[in-house]
Amino acid sequence: MASLLFYLLAATALLATLLCITRRSPVHAVIFLINAFFALALMFYLLGAPLIAAWEVIVYAGAIMVLFLFVIMTLELSPESQRPALSRRQWAPALLLFLLLLISAGLILTFDPAGQAGVPFFYASPRSFGAALFNRYGLAVEIVSFQLLFAAAGAYYLGRRRKARQPEESS
Amino acid sequence: MNLWRDIKGTFQPFWITLRYLFKRPVTISYPEQKRTLPPRYRARMILTRDPDGEERCVACHLCSAACPVDCISMQAAERADGRRHAAWFRINFARCIYCGLCAEACPTLAIQMSSEYELGNRDLLKLVWEKEDLLVDHGGKDPDYHFYRHTGIGVVAPRGGNNDELPPVDIKTNLP
Amino acid sequence: MNDLLLTGLLMLIKLGMILAVLLTMAAYLVLAERKLLARMQRRYGPNRVGFGGMLQPLADLIKLLTKEDFLPAQADKWLFLLAPGLAAVTALLAFAVVPFAPPLELFGRQLPMVVCDLNVGILYFFGLSSLAVYGVALGGWASNSKYALLGALRAMGQMLSYELAMGLSIVPVILMARSFSLTEIVQAQASLPFALTNPLAFGIFFIAALAESKRTPFDLPEAENELVAGFHTEYSGMRFGLFFVGEYLNLVVLGAIITSLFLGGWHGPLLPPIIWFLGKVLAVAFVFIWIRGTLPRLRYDQLMAFGWKALLPLALVNLLATGGILLWLGGAS
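Protein chains in written order, with this note's numbering: chain A, 1 to 171; chain B, 1001 to 1176; chain C, 2001 to 2333.
Please keep in mind that the hints were generated in silico from the structure rather than gathered at the bench. Computed from a predicted model, the values in this text were never measured in an experiment. You may find that some hints are simply not true.
Said to hold, decoys possible - Partial chain B-side listing against chain C, Cβ under 7 Å, derived:
hint	residue
1	Pro1013
2	Phe1014
3	Thr1017
4	Tyr1020
5	Leu1021
6	Lys1023
7	Pro1025
8	Val1026
9	Thr1027
To be verified - Some residues of chain C that are not near chain A, with every Cβ distance over 12 Å (derived):
hint	residue
10	Met2017
11	Leu2023
12	Ala2032
13	Glu2033
14	Arg2042
15	Gly2050
16	Leu2071
17	Pro2072
18	Gly2127
19	Pro2199
20	Thr2216
21	Gly2279
22	Trp2290
23	Phe2306
24	Leu2327
Glycine included, every Cβ here is placed at the ideal spot set by N, Cα and C.
Take these sequences, add in the hints, and give me the full structure.
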């Protein structure tokens, strides 16, 4: 049952991602991306990580994608200015990545044909997850949070309202 | 202090709305309860009669000329005794805007506004009212006014027969 | 096998009852809101259909169902059709984690009075409430109308900004209850509801919830006098009805969440738990309606400034203070 659900979700995620990169309209692309995130979140839930699933939905699908959508909608792309079809130059890196993916999949399958070394099932309750995050990886979490703080301060500095200067100084 | 005023301004309205919640609504539930309209309310027009019970309208067309939406039409006719009247008189209430200019224009006080306002109808043609529908059996807002008692020589009274009228001067003689 | 069948049957009955009660509540909240607002303005409100207007929701439903389902010519068809459903479904799904009574003993088994007692219940609610913005945003965008687009943009900005304050305001609650599960949060308030122990968090959450549900004084996405009807300008018939139902479902769900997080859920003396729960939810809904009847709409810059410059710092300070006090009391493990 669980594995069936997993394959279903994986197929959904893959299909949604594929549709996301092939849609012409950016809004449609964002919607498929949200769909992919949602499938991904449910997969996390299936794998025993409800907290990560919840964060995936809240942060990625619920906040970041809303920002994407916000920007796309404010840009007001008319139908003429939608993305043209991809050129060969844009196809090349995608193909390269796809090849890499195929190679790595092949490697995994050749070394472990039965798929024995899958992810060991471990149920991460919110409490244990938090304990692991802040005890074992506490320093990393703090560094990342400081980085985010610096980024926020930097963004504020760059976007600050400059005082009106003298005409000869401004250029 | 400013902050105190803001806080008060935010929370005082709540008390007011809560109090209003328990007050009686001021709505008049229309079809069941009806307002007493003011006496000079301007709703649909009527055609009034003079104290003798005759139609006041003399078909002078002043009302239809005054009407900004051209909703009044009529055909003038004259009786054998010289009294004018409307052969037919028609008001299209679907067009009428109830401005009252016709009543103002009327020299004989024939056309007047009444306080009957319930004209709602699903059929537009039913809003075209003929003279028979418009005529009423009273004198409206000035019941004693009788146009032909002041003018319209020799129609309801012989010449000089009205109260405020002098007998006609006999131009054939200059005896006092 | 028989056991499994019985469990499934009980589950289905429970789901059906919850669905029925939720939808009825949403429908009658519309009526209650119209009636209460009318009385606050010294009017009668709807009083023609049925006794005192009691059948008005039914009449509205019939009207909406028989109206033309209009699709604007330039609209993005699929998104336009999808958006109202999203708005209603996210509100409906969010109720899944709300516990409305203590577990019931039935046929010798425990029947939890909650659809699904997730151990990340609050986060689930948050995820859905952040997804709820898509119904509005996509509906506004797909309509291909300036008013709808502006409404959608406002909704997105507003909901993003207030979600932060909302999230931060419940962290103290989670700290105090030491769980994400709403059932455990309710059980932690058996003696004293969190609204009394942490009134600041309650206030912030309440205001943020008002903004999340796009209600006055934060109803900028559908500000009638600027944007016609905001994001649902182009909608008609039952699709408009779905937006409408979604809004009132949201009201019920937010009432239930506020009740569970801050007002002690089903806990209360004398009366049975379910009555307490319903009463609290309705009380919250009444306050929402009361606020709508009282306060004028904010300007958009005021809304943003209030969210970012007042609520967010307050929530952060409150979080710090609560954490500090809990540590001081030795509550932290």
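A quick look at each hint next to the structure:
| no. | hint | in the structure |
| --- | --- | --- |
| 1 | Pro1013 | 5 Å, holds |
| 2 | Phe1014 | 5 Å, holds |
| 3 | Thr1017 | 5 Å, holds |
| 4 | Tyr1020 | 5 Å, holds |
| 5 | Leu1021 | 5 Å, holds |
| 6 | Lys1023 | 6 Å, holds |
| 7 | Pro1025 | 5 Å, holds |
| 8 | Val1026 | 5 Å, holds |
| 9 | Thr1027 | 5 Å, holds |
| 10 | Met2017 | 26 Å, holds |
| 11 | Leu2023 | 25 Å, holds |
| 12 | Ala2032 | 30 Å, holds |
| 13 | Glu2033 | 28 Å, holds |
| 14 | Arg2042 | 41 Å, holds |
| 15 | Gly2050 | 41 Å, holds |
| 16 | Leu2071 | 17 Å, holds |
| 17 | Pro2072 | 15 Å, holds |
| 18 | Gly2127 | 4 Å, violated |
| 19 | Pro2199 | 26 Å, holds |
| 20 | Thr2216 | 23 Å, holds |
| 21 | Gly2279 | 30 Å, holds |
| 22 | Trp2290 | 30 Å, holds |
| 23 | Phe2306 | 19 Å, holds |
| 24 | Leu2327 | 14 Å, holds |
Consistency with the previously given hints fails for number 18 only.
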